[in-house]
Amino acid sequence: MSSLTTSEAGQAASARRKKRLAAFLFVVPLLLFIIVTFVAPIGTMLWRSVYHPTVAELIPQTLAELERWEDHKQLPDEKTLQVFVSELHTLNEQRLSGKLSEEFNRAYTGMSSVVKSTARRIGRLDAQALQAQGVQTLLDAHRNWSKPELWYAIERSGKVYTYDYYLTALDLELHPDDGIQVRQDTQIYLQLYTKTLNMALVITLLCALLGYPLAYYLAGLPSNRANLLLVLVLLPFWTSLLVRTTSWIALLQTNGVINSFLMGIGLISQPFEMLYTSFATVVAMTHILLPFMILPLYSVMRGIDPSYMRAALSLGEKPIPAFARIYFPMTLPGLSAGALLVFIISVGYYITPALVGGTDGQMISNIIAFHMQRSNNWELAAALGSLLLGLIMLLYWVYDRFVGASNIKLG
Amino acid sequence: MKIPAYYGFWHHLGHWLLKASSWLVLLFLILPILVIVPLSFNAEPFFSFTEGMLTLDPEAYSLRWYREIFNDPKWILAIKNSFFIGILSTILATILGTCAAIGLARDEMPFRRFITALLLSPMIVPLIITAAGMFFFYSNLGLAGGYLGVILAHAALGTPFVIITVTATLTGFDYSLARAALNLGATPIRVFFDVIMPLIRPGVISGALFAFITSFDEVVVILFMAGPQQRTIPRQMFSGLREQINPSILAIATLLILVSIALLVTIELLRRRAERMRGIEIPN
Chain A
86 MSSLTTSEAG QAASARRKKR LAAFLFVVPL LLFIIVTFVA PIGTMLWRSV YHPTVAELIP
146 QTLAELERWE DHKQLPDEKT LQVFVSELHT LNEQRLSGKL SEEFNRAYTG MSSVVKSTAR
206 RIGRLDAQAL QAQGVQTLLD AHRNWSKPEL WYAIERSGKV YTYDYYLTAL DLELHPDDGI
266 QVRQDTQIYL QLYTKTLNMA LVITLLCALL GYPLAYYLAG LPSNRANLLL VLVLLPFWTS
326 LLVRTTSWIA LLQTNGVINS FLMGIGLISQ PFEMLYTSFA TVVAMTHILL PFMILPLYSV
386 MRGIDPSYMR AALSLGEKPI PAFARIYFPM TLPGLSAGAL LVFIISVGYY ITPALVGGTD
446 GQMISNIIAF HMQRSNNWEL AAALGSLLLG LIMLLYWVYD RFVGASNIKL G
Chain B
99 MKIPAYYGFW HHLGHWLLKA SSWLVLLFLI LPILVIVPLS FNAEPFFSFT EGMLTLDPEA
159 YSLRWYREIF NDPKWILAIK NSFFIGILST ILATILGTCA AIGLARDEMP FRRFITALLL
219 SPMIVPLIIT AAGMFFFYSN LGLAGGYLGV ILAHAALGTP FVIITVTATL TGFDYSLARA
279 ALNLGATPIR VFFDVIMPLI RPGVISGALF AFITSFDEVV VILFMAGPQQ RTIPRQMFSG
339 LREQINPSIL AIATLLILVS IALLVTIELL RRRAERMRGI EIPN
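The listed protein sequences correspond, in order, to chains A and B.
Going by my numbering, the first residue of the first sequence is number 86, and it counts up by one from there.
Going by my numbering, the first residue of the second sequence is number 99, and it counts up by one from there.
Simulated from the structure, these hints should not be mistaken for lab results.
In this text the structure is predicted, and so the values were computed from the model without any measurement.
Cβ atoms here follow ideal geometry from the backbone N, Cα and C, with glycine treated the same way.
Stretches of chain B that chain A covers, calculated by requiring three or more beta carbons in the stretch to come under 8 Å of a beta carbon on chain A:
{"id": "1", "region": "242–254"}
{"id": "2", "region": "258–270"}
{"id": "3", "region": "336–347"}
Okay, chain B solo, but in the shape it has when bound (with noise of 0.2 Å):
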C-alpha cells in the first residue's frame, strides 16, 4: 500500500498498525497449520516440542511416524479407499455438474434461480443432517456400508462447486460462437467438445478439484454411512484424534498439507489462465 505524501502522522500510525494487524492474522492464519510439520518428525509419542527437539537434536527427529503409516495395513486401506472414492464421486460431480451449469448459464433456463439454490444446497445444509437423512435413506436401499452409497453421497456433496465454477467461466461466455459453429454444420457434440469445452475448461478442472477435495476431506457422512471397508483418511485421523492420539496423524497430517497446496497452485495457474483466455486483464 503506498502511503500517499498528504498523510500526517495519524495516518501513518493507523497504517502501521493496519499493516501489523494485518500480519498477526495472517500469523494466525498459517502458523497452527505450520507447526504440525516439524513436530510429526518428532521421536518421541508427543504432541509437543520435546527439548531436544527445540535445541535441533538431530536424534529427536525422526521418520518414524511415517514408517508406521506406511507399515499399517488400516492407514494403506485408508489412503486407498480416499483416493478411490474421491477419483470417483469426482468423475460423476463434475461430468453432472458440468452439464447443469451449462443450463444454468442460459438465460431461457426456466425456474432457474430457484433451482440454482437447490442444486446448491448440498453445500449449505449441514453435514451432519445430510448425514443422518443419508444413513436413513441409504440403509432403506440396502446401501450403507458400501462403496456405492459412499460414492454417490460425495458426488452429490460436490456438485455444487463444479456449477459454481463452470458457471463463473460461462458468464460473458459468448453463445454466437456456439451458433456459429452450428451453422456452419458442426453436430452439437462436437460444438460441445471443439468450442465450449476448451472455453470453460479451466473451470471444469477446477470445480473437479474442489469435488476432489471435498470427497477426500469429508468425514461426517462416512462416520454414518460407511462399514470399516470404506474407512478413509480423515475417518481414521477421526478415530485417532478420539481414541488415542499419536504423531502418525501428524506425519499424514503432514502429507495432506502437501496434497493441499499441490491442489492450491494447480488452481490458482488454472484461474489465471482462464482469465488471460478470456482476454481479461487479471484482476488483484
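Extracted from the complex, chain A is given alone in its bound form (with noise of 0.2 Å):
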C-alpha cells in the first residue's frame, strides 16, 4: 500500500472542506433567522440592564458638577445645587420633570412625590428669584434634599453604565463608604429566588414520584396497550396551556367542583381556600409538566430488557434491593433528563402562577413581568430577567453535556 500524495491528500482535504460548507450552507438561513429574531432581542435585553442614559439625560450638567462633589458626608456644594434648581426648572417647564421623579424615587425611596411638589415649588419662580432664592426653596420644599445620601443616589443614578440594577436584584445596595451591603430596608428579590427555586424544586419531585410508577407500569405493558394508554400522557401534552390553567381554576375556585365535591359527600362544612395560592401554583405546574417527565422515562424503560430484573429475581435477590441496584440505576438516564428539563421550564414560568397563583404564588417570571409592565422599570426586568437566564443557561448546559439538545422527548 502507497500513502497518499500530496496532491492526493489536498484534494481529500479540499472534498472534505466542501461538504462542510454545503452541511454549513444548509443552516445558515435559519441561523441568520434566529441571530436577528431571537438572540439580538435577548442581547438587547442585557444591554438594557446595564445601559440607562435617562438620567444622564434630563439632568448632564448636575452630574457634571457632581463629579468635582468629594466628601459624600457633606452636601454638594452651592453652585452644583444652584445647576441643579435650574435644570430642575427647565424640566418643569418642559413638563418632564414626572420622568426625573420616577428615576430618583427609583435610586431613592420615596422621592416621587418630594421631586414633583420640589419642580412646582420651582417652577414658580421666575428667572432672577432662582439665582437669588433657588437653592433655599430646594432645601425648604423637602428636608431630603439636606441629605448627602441622596445626592450620592443621584449621582449614581446618573452613570450611564450601570450594575445599579444588578444589585438591587441581589439586594443589595452601594454605600458611599462601606461598599457593597446587604440592603437592610426590603429584601424581596433573593428571597423570590428563593421561592422560585423551591417551588421549582417541589414540582419536579412531585413530577418524580408521579411519573415514575406510571412510565414503569406502561414500560410493561404490551406495546399496543401501552401506545393506548400513552395517548391519556399525550393529550394533556398537546391541550392548551390555558385549557389546562382554566380547568385547575375550575377544579380549585372556592365554589368549584372539589369543594362542592368535598362539601357535597359531607367530608367538610367550609370550603377550602385553594385558588390564588403556591399550592394551586404547585399542582397546576405539576399537571402541565408531567408529560415532560414521563416521556423520557418511558423511553429508557423500554429499552431496559426485563432478563436483567428475572435474573436477578431467580438468582434470589429480594424484589425491593433488586429494583434499587439493578433496576433503577438503568433509568437514571430518563429520570435526570425529565427531571433537569421540568426544572427548567418551571424555573421560569409565567402564565400559571399569574393565573392562579395570587400573590402567595407568584415566581421570578412574574416579577419581571410586573417591572415590564406596571412599575415600567425596565432595566430593572432586564437585569432580573439576565440573573435568570443565566441560571437557566447554565442547566441548558449541564442538559446539552448530559442529554444532549436534541433529545428532547416529544412524543
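Since each chain sits alone in its own frame, please combine them into the complex, following the hints.
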C-alpha cells in the first residue's frame, strides 16, 4: 500500500471542506433568522440591564458638577445645587419633571412626590428669583434635599453604564463609604429567587414521584396497550396551556368542583381556599409538566431488557433491593433528563403562576412581568431577567452535556 | 403486564399497588381536562356544576356560551388571528427548520453541537425573557404592535420543534440514496424533492404541527408585543381569566381540546407511518 501523495491529500481535504461548507450552507438561513429574531432581542435585554442613559439625559449639567463632589458626608457645594435648581426649572417647563421623579424614586425611596412638589415650587420662581433663592427653596421644599445620601444616589443614577440594577436584583446596595452591602430596608428579590427555586424543586419532585410508577407500569405493558394509555399522557401535552390552567381554576375555586364535591359528600363544611395560593401554582404546574417527565422515563424504561430483573430475582435477590440496585440505576438517564427539563421549564414559568398563584404563588417571572408592565422599571426587569437567563443557561448547558439538546422527547 | 408464575403474595400486592397508582396518575392527567367539557354546557354563568347539571336536568345544559363566542366580534377576531399568525409562522418555521435539520444531520457539519444548542434555545429560554427582549428589540425597529413582529417571533419559537422532529427522521437516513440520484444526473433540487423529502415528510409534518401548536398556544410574547388588533385566542382567554371569568372561556377551551385531539391523532398516525416507511418495527 502506498501512502497518499500530497496532491491526493489536498484533494481529500478540499472535498471535506466542500462538504463542510455544503452542510453549513443549509443551516445558515435559520442561523441568521434566529440571530436576528431571537438572539439579538435577548442581547438587547442584556444591554438594557447595564445601559441607563435617562437620568444622564435629564440633568447632564448637575451630573457634571457632581463629579467635583468629594466628601460624600457633606452636601454638594452651592454651585452644584444652583445648577440642579435651574435644570429642575427647565424640566418643569418641559413637563419632564415627572420622569425625573420616577427615576429618583428608584434611586432613593420616597422621592416621587418630593421631586414633583419641589419642581412645582421651583417652577413658580422667575429667572431672577431662581438665582437669588433657588437653592434655599430647594432645601426648604423637603428635608431630603439636605441629605448627602440623596445626592450620592442621584450621582449614581446618573451613570450611563451601571451595575446598580444587578445590585437591586440581588438585594444589595452601594454605600458611599462601606461599599457593597446587603440592603437593609427591603429584601424582596433573593427571597423570590429562593422561593422560585424551591417551588421548581417541589414540582420536579412531584413529577418524578407521580411519573416514575406510571412510566414503569406503561413500560411493562404490551405495546398496543401502552400506546393507547400513552395517548392519555400525550393529550394533556397537546392541550393548550391556558385550557389546562382554566381547568385548574374551575377545579380549585372556592365554589369550584373540588370544594362542591367535598362539601356535597359531607367531608367538609367550609370550602378550602385553594385558588390563588402557591399550592394552586404547584398543583397546576405539576399537572402541566408531568408529561415532560413521563416521556423520557418511558423511553428509557422501554429499552431496558427485563431479563436483568428476572436474572436478579431468580438468583435469589429480594424484589426491592433488586429494583434499587439493578433496575433503578438503569433508569437514571431518563429520570435525570426528565427532572432537568421539568426544573428548567418550571423555573421560568409565567402564565400559570400569574393566573392561579395569587400573591403567594408568584415566581420570578411574574415580578419581571410586573416591572415590565406596571412599574415600568425596564432596567430592573432586564437585570432580573438576565440573572434568570444565566441560571437557565447553566442548567441548559448541563442538560446538553448529559442528555443532548436534540434528545428532548416530544412524544 | 404479565405476572410471572414465580411471583409470591408480596409481588402481587406490589403489582396491584403499581397498577392502582398508575391509574390514579392517569386520572390526574386526564380528568382536569375532561371536566371542562360538561362545564362548558352550563346554562348558568358559573364555573362549577349546578344541581340541575348533576341530576342531568336538560334545562341545566345549554349552548349559550358557544353562541356567545360566535356572536362576539372579539372572539371572532381572536380566532382569525390565531390561525393567521399560526399558519404563517408555521410555514416560515417549517421551511427554515427543515433546511437547517438537513445540514445539522450531516457528520461534516462544523460546530454542530454548539449550533444545535443555539438553534434549540428558543425552546428553553423562559418565555418571559424572550418576550421582554423582543419587546425592547422590536419596538426599536417599529415592529411591536404589528403582525410581522408577532409572526417572526412565533416562527423563532417554533423552529426548535421542526429541527427535533426532522432530525429524528434523518437519523439512519441513507445518504447513498441521494448520492445515487445525483450520480444518475438528478439536479440537487430534484434530489431534495423526489428522494429526501418523501423520506422525511412525516418528520416535517409533525414538526409543522408542533410549530403550529406552539404559536397557537403562545400568549406571553403576544402579551408584550401585540397590539389590540393582534389579540389571539390564548390572549383573549388570559384577559378573560384575569378580569371577568365566565363560561365562554370554558366553551372556547372545549373547542381547543378538540383541536388538540385532532393534532394528536394526526401526529400519532404520522409517527407510525414514518416508522413503517423506514422499515423499523414500531417500538412500544
